[in-house]
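Q: So you can see what is in the structure, the chains are spelled out below.
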Amino acid sequence: MTTILPLGLLDKAISSRVWILMKDDREFEGTLRGFDDFFNMVLENVIELDNGKKSKLESILLNGTQICLIVPGGEIR
Amino acid sequence: MSNEKRTSADFFKQVFGRTVTVKLHNRTEYIGVLAALDGNMNLVLEQCEEYLEQKLINKYGQILLRGNNVLYISAKFNQKYQQEAGI
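Just so you know, the sequences run in chain order A and B. Heads up: the first sequence at position 39 corresponds to 39 in the UniProt record's numbering, and the numbers run straight through without jumps. Heads up: the second sequence at position 23 corresponds to 23 in the UniProt record's numbering, and the numbers run straight through without jumps.
No wet-lab data here; the hints were simulated from the structure. Keep in mind that the hints are not guaranteed to be accurate.
Below are the DMTMM-like pairs computed for lysine to aspartate or glutamate, each with C-alpha atoms no more than 25 angstroms apart in a straight line [claimed, not checked]:
{"id": "1", "chain 1": "B", "residue 1": "55", "chain 2": "A", "residue 2": "11"}
{"id": "2", "chain 1": "B", "residue 1": "13", "chain 2": "A", "residue 2": "11"}
{"id": "3", "chain 1": "B", "residue 1": "55", "chain 2": "A", "residue 2": "50"}
{"id": "4", "chain 1": "A", "residue 1": "23", "chain 2": "B", "residue 2": "29"}
{"id": "5", "chain 1": "B", "residue 1": "59", "chain 2": "A", "residue 2": "27"}
{"id": "6", "chain 1": "A", "residue 1": "53", "chain 2": "B", "residue 2": "53"}
{"id": "7", "chain 1": "B", "residue 1": "76", "chain 2": "A", "residue 2": "75"}
A short list of chain B residues far from chain A (calculated; beta carbon distances all over 12 angstroms) [unchecked claim]:
{"id": "8", "residue": "8"}
{"id": "9", "residue": "15"}
{"id": "10", "residue": "50"}
Just so we're clear, the structure is a prediction, and the values are computed from it rather than from any experiment. No residue lacks a Cβ here, since even glycine has one placed at the ideal position from N, Cα and C.
Go ahead and model the full structure; you've got the sequences and the hints to work with.
A: Encoded structure:
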């Protein structure tokens, strides 16, 4: 059985949509373009959900320190 | 849009000198021209406006923002995308 490392899973998700949950109930959904060892992420065509308010962002570098959960192929509901 | 992996280093290179929106963990936003950026997300912004809840509260000629406060750095590359985004 092959071992899959967390960052390996993230690597597989590159170029697809990901759904990211932050520690403080904020959510981001975007196309994953890249990431680093600290889980800082480059996302494109992003939807940000904060306190029920949605906004769109073209391209962001998201700070990894507050990221809680990443769902490859997921979306904000 | 290219499919090659873009890490934070590539994002940095693309974003220098552009107008960026920086959102902090406390929901304050800063819109300004990116003059400097390092690996800790410490930033220098010029001609910067400070917004809290979409309301302009301050303007600064130059600020140093400590990277630990940063939630995200958002850049606009395509003017047309902005107009179509609506919301």
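Q: Each hint: holds or not?
A: Taking the hints in turn, this is what the structure says about them:
1. 55/B - 11/A: Judged against 25 angstroms, a Cα distance of about 38 angstroms means the pair is violated.
2. 13/B - 11/A: The hint holds at about 21 angstroms.
3. 55/B - 50/A: holds (17 angstroms)
4. 23/A - 29/B: Status holds; Cα separation ~19 angstroms.
5. 59/B - 27/A: violated (29 angstroms)
6. 53/A - 53/B: Between residue 53/A and residue 53/B the Cα gap is close to 11 angstroms, so the pair holds against 25 angstroms.
7. 76/B - 75/A: holds (23 angstroms)
8. 8: With a cut-off of 12 angstroms, residue 8/B comes too close to chain A, as the shortest Cβ separation is near 5 angstroms.
9. 15: Check fails; 8 angstroms does not lie beyond 12 angstroms.
10. 50: holds (18 angstroms)
In this structure, the hints that do not hold are numbers 1, 5, 8, 9, in rising order.
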